[in-house]
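Listed below, chain by chain, are the residues.
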Amino acid sequence: MTAKVVPEVPDEGAVWSAQDTTPGEIDEALRTLMQQQHARDHAHAPARVLNLVVVVDREWYGEIMNRLEQVGRYHASRTILCAVEPGRTTLDASAVMTIERQLGDLALTRERVIVEVGEKHLAKLDTIVDPLVVTDLPTVVWAPHGHPEAVDALLHLSQVVLIDSVNEPDPASALRRADELAAEAYVVDLAWLRTTPWRERVAATFDPPRWRPELYRIDSVTVRHRPDSGVAGVLFFGWLGSRLGWGSGSLMPANGAVRGHASGRRQDVALKLEPDPQQAVPGLAGIEIGTASGVTISLDRGPGGLSARRRDPKGHEQRWTILGASRGEGGILGEGIRQALLRDPAYSGALDCAEAMLR
Amino acid sequence: MAVVQEENPLVEGLERLPVHPTTLVIFGSTGDLAQRKLLPAIYNLAHEGALPEGFNLIGVSRSEMSDDDYRTMARESIEEHSRRPPDPQVLEKLLERVRYVSGTFDDDSVFERLKQELGSFDEEAGITFNRIFYLSTAPNFFALIVKKLGDRELHKHPDADVRVVIEKPFGTRLAEALDLNRELLSVLHESQIFRIDHYLGKETVQNMLAFRFANGLFEPIWNRNFIDYVQITAAEDLGIGRRAGYYDESGALRDLVQNHMLQLLSLLCMEPPVTFEADEVRDEKVKVLHAVEPPPRDAVVRARYTAGMAEGKEAVGYLEEEGVPDESMTETYVALRLEVDNWRWAGVPIYLRTGKRLARKVTEIAVTLKPVPHLAFQAEGSVGVQPNQIILAVQPNEGVSISLGAKIPGTRMRIRPVNMEFLYGTSFLSQSPEAYERLILDAMRGDATLFTRDDEVEAQWRIIDPILEGWGKDDSSLPTYPAGSPGPEEASSILAPGQRWRAI
Chain S
1 MTAKVVPEVP DEGAVWSAQD TTPGEIDEAL RTLMQQQHAR DHAHAPARVL NLVVVVDREW
61 YGEIMNRLEQ VGRYHASRTI LCAVEPGRTT LDASAVMTIE RQLGDLALTR ERVIVEVGEK
121 HLAKLDTIVD PLVVTDLPTV VWAPHGHPEA VDALLHLSQV VLIDSVNEPD PASALRRADE
181 LAAEAYVVDL AWLRTTPWRE RVAATFDPPR WRPELYRIDS VTVRHRPDSG VAGVLFFGWL
241 GSRLGWGSGS LMPANGAVRG HASGRRQDVA LKLEPDPQQA VPGLAGIEIG TASGVTISLD
301 RGPGGLSARR RDPKGHEQRW TILGASRGEG GILGEGIRQA LLRDPAYSGA LDCAEAMLR
Chain Y
1 MAVVQEENPL VEGLERLPVH PTTLVIFGST GDLAQRKLLP AIYNLAHEGA LPEGFNLIGV
61 SRSEMSDDDY RTMARESIEE HSRRPPDPQV LEKLLERVRY VSGTFDDDSV FERLKQELGS
121 FDEEAGITFN RIFYLSTAPN FFALIVKKLG DRELHKHPDA DVRVVIEKPF GTRLAEALDL
181 NRELLSVLHE SQIFRIDHYL GKETVQNMLA FRFANGLFEP IWNRNFIDYV QITAAEDLGI
241 GRRAGYYDES GALRDLVQNH MLQLLSLLCM EPPVTFEADE VRDEKVKVLH AVEPPPRDAV
301 VRARYTAGMA EGKEAVGYLE EEGVPDESMT ETYVALRLEV DNWRWAGVPI YLRTGKRLAR
361 KVTEIAVTLK PVPHLAFQAE GSVGVQPNQI ILAVQPNEGV SISLGAKIPG TRMRIRPVNM
421 EFLYGTSFLS QSPEAYERLI LDAMRGDATL FTRDDEVEAQ WRIIDPILEG WGKDDSSLPT
481 YPAGSPGPEE ASSILAPGQR WRAI
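Heads up: the sequence lines are chains S and Y, in that order. My numbering applies: residue 1 is where the first sequence begins, and numbers increase by one. My numbering applies: residue 1 is where the second sequence begins, and numbers increase by one.
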């Protein structure tokens with residue numbers, strides 16, 4: 001086994017808090033905490049990867065903290081959590097240094113700041129957050145409880161906005177908002193990342209030269225999804241459409257599902273989104289792709305990975321398992337943070353195409 | 001008329017590119033390497049969804065056991081050595097695709113049964129899997145196994161790519177390496193042969209290329225005009241453990257210098273390739289190796305550890321280690337001075353040193369720049385101005401540090417060196433994958449960039465072979481160093497005046 005990460009409980013000297021404070025005082029406190037930490041143990045090295053600014057409702061911030069605890073090694077190096085409390089007029093804040101010690105290696109120090117703010121602060125939240133972010137590191141903004149005015153205020157000092165379109169009740173407005181944000185910053189959408197294993201596997205399925213021509217004979221795509229995750233399915237359609245050069249398509253609700261079509265190069269493609277109440281976690285439950293040649297390929301969640309099935313025009317069927325562990329919701333959020341440091345050239349095309357289907 | 005295959009438009013933006021369905025055959029599948037490294041690496045690829053969507057594993061070894069016995073052994077190895085706790089469902093599904101063939105490698109029936117197993121995987125899936133034969137065996141079996149593969153027509157397939165991965169050591173002398181290459185190439189094409197040097201799978205080793213060729217800062221000074229000397233160190237704090245049988249035949253020079261350290265040297269000194277295609281990179285590396293002359297006798301020091309203190313405990317000397325012959329002349333330490341005779345590097349000494357039972361485990365490359373031409377600062381009361389050093393740390397720390405002269409706070413202008421450090425662990429969220437994960441995946445993809453080509457291996461041996469020949473004629477006793485020390489005092493004799501070894 002390689003070295004395991006052992007989180008250390010922060011000691012008394014590594015915690016700071018104050019009421020009715022200012023961003024300048026918080027910034028000063030962070031510097032002092034780091035100096036104290038270093039004086040105690042020179043082996044401590046500050047992680048310097050990215051700033052994560054999280055805007056949450058004060059009432060639910062514990063839940064978000066728990067989610068952030070589950071992201072594994074994909075912790076931001078400095079997390080600034082702005083907890084919004086209705087009616088609050090002053091700032092309370094706390095800062096803590098957490099240490100991850102890798103056995104036989106250096107101890108990594110990460111910083112977490114919680115600033116309690118009022119609604120009145122949101123439109124100018126950048127003036128509070130700006131002094132607290134580590135300069136020259138990418139800054140990611142995530143507002144899981146809404147607060148679009150806070151996100152707008154922070155856009156000019158952030159390079160990446162983390163969203164989860166699955167949380168928006170209306171897929172069309174979720175995609176519209178993603179598109180607006182994409183004009184100002186790089187958008188990482190957890191709904192898009194939920195489709196990643198499916199996209200990888202569909203790409204792999206059609207990769208062998210023998211199967212590749214079938215890509216342009218696709219005439220039907222059905223996506224099953226958790227009832228609240230239809231937007232992930234639309235992004236999957238958008239991905240296929242943008243990559244395969246489908247003409248504009250449209251999707252409309254019909255009999256408890258969403259149906260529609262797109263214009264493929266050689267034939268129309270029937271599209272169907274099917275809610276699956278059995279699906280426990282957000283995201284997709286299964287995909288079935290049919291081609292004009294009579295080939296059907298399906299992928300479904302299964303034990304140890306995705307269960308794959310291919311039926312040829314003569315009705316011969318093959319089944320196999322594509323190995324892979326479920327990432328869980330913590331893993332998805334961690335992946336979102338990691339993706340903030342990368343750039344996915346396929347997303348914007350998929351977003352445009354998906355948005356067009358819902359217009 | 002040739003049909004032009006359209007690119008797969010779906011791969012754009014995907015981090016994990018499709019890999020053709022593959023059956024991996026491990027010869028020596030019950031051995032230490034398979035259990036500690038290969039099987040855990042395969043599991044971790046499965047966990048991350050990085051294996052091809054069709055994947056099978058066949059173990060081949062002498063031990064008599066059933067498929068189920070081998071699965072049990074594989075499960076235990078993965079549970080013990082995986083870098084993450086295995087997901088029971090993924091592990092179960094992976095093991096369902098595992099089979100085992102027992103027998104000795106000179107037995108034709110082993111290859112017949114192997115052929116049947118490969119065919120049955122193809123038949124069940126209705127596709128032809130690519131084949132990778134991973135030779136994780138003693139080196140004397142490499143040629144034999146490849147010959148047997150050829151005899152049974154397993155070395156090629158009209159509908160699939162067939163590749164052979166070969167572990168080190170690739171020969172013990174130049175003549176042996178040439179023979180082995182000849183034997184392999186009588187059956188296989190060079191493009192089918194993937195010679196592993198697991199150092200090349202390490203992120204920090206690959207980062208040397210990024211460091212050199214993705215930054216405008218360093219390349220202008222990366223030459224004889226600015227660089228004074230280079231030290232490449234691969235020090236181990238451990239002894240030989242239970243590997244006396246292997247190590248006493250090998251010694252430090254063959255174990256680390258002939259392969260890993262010369263690879264580090266070639267990456268450090270190579271010219272920028274036109275593209276990062278496998279052969280472009282390897283062409284540049286081999287040019288460096290061709291520019292290195294075998295060192296003269298007085299530029300090489302070998303030594304052997306004696307009893308001492310290591311890790312706070314008493315440690316026995318090499319000759320007292322279990323299984324080491326009393327009359328052994330095997331070196332556990334070697335230091336040598338090389339030069340790369342080309343336009344960029346002529347006259348720059350490049351020192352290599354490696355050893356067992358040294359003070360600390362560290363692999364690094366230290367590049368020392370020439371001193372500044374004029375010292376305007378007084379050294380009085382301070383360490384003073386020191387030449388800048390660029391340290392590329394490979395293990396256990398992974399990163400780059402640069403020493404700079406800085407003013408000591410106070411009223412006087414006094415200077416001492418400080419370090420500017422980049423540590424992988426502090427700057428990236430991702431955990432470095434094990435080298436074997438990367439290399440197995442590359443072999444399945446057919447990307448040979450991080451594998452050693454035949455002419456590279458031969459060029460490496462041409463540097464090392466004369467040293468071994470000289471040692472073979474030298475009866476004088478070996479210098480020694482106490483276990484847990486930085487190495488023998490004699491190592492300083494190969495340094496140019498004014499130079500010293502970096503502390504281990």
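The set of hints was computed from the structure by calculation and includes no laboratory data. There's no promise every hint is true.
[Stated by the list, open to error] Pairwise CB distance ranges (calculated):
#	chain 1	residue 1	chain 2	residue 2	range
1	Y	384	S	120	52 to 62 Å
2	S	176	Y	12	35 to 45 Å
3	Y	96	S	148	30 to 40 Å
4	Y	89	S	155	40 to 50 Å
[Stated by the list, open to error] Listed next, the in silico SDA-like pairs over lysine to any residue satisfying Cα-Cα at most 20 Å (straight line):
#	chain 1	residue 1	chain 2	residue 2
5	Y	370	Y	344
6	S	314	Y	127
7	S	314	Y	123
8	Y	156	S	208
All residues carry an ideal CB built from backbone N, CA and C; glycine is no exception.
Hints and how they fare:
A beta carbon spacing of about 58 Å between residue 384 of chain Y and residue 120 of chain S agrees with the range 52 to 62 Å that was offered as a hint. Separation of residue 176 of chain S from residue 12 of chain Y is about 24 Å and departs from the stated range, judged on CB atoms against 35 to 45 Å. A C-beta distance of roughly 49 Å is found between residue 96 of chain Y and residue 148 of chain S, which places it outside the suggested range of 30 to 40 Å. Evaluation of the 40 to 50 Å hint for residue 89 of chain Y and residue 155 of chain S yields a pass: the beta carbon distance comes to about 42 Å.
Straight-line distance between C-alpha atoms of residue 370 of chain Y and residue 344 of chain Y comes to about 15 Å, which keeps the hinted pair within the 20 Å bound. For the given pair, residue 314 of chain S sits about 16 Å from residue 127 of chain Y by alpha-carbon distance, which is consistent with the 20 Å threshold. With a CA separation close to 17 Å, the supplied pair residue 314 of chain S and residue 123 of chain Y stays within the 20 Å bound. Between the alpha carbons of residue 156 of chain Y and residue 208 of chain S the distance comes to roughly 19 Å, so the proposed pair stays at or under 20 Å and holds.
Of the numbered hints listed earlier, those contradicted by the structure are 2, 3.
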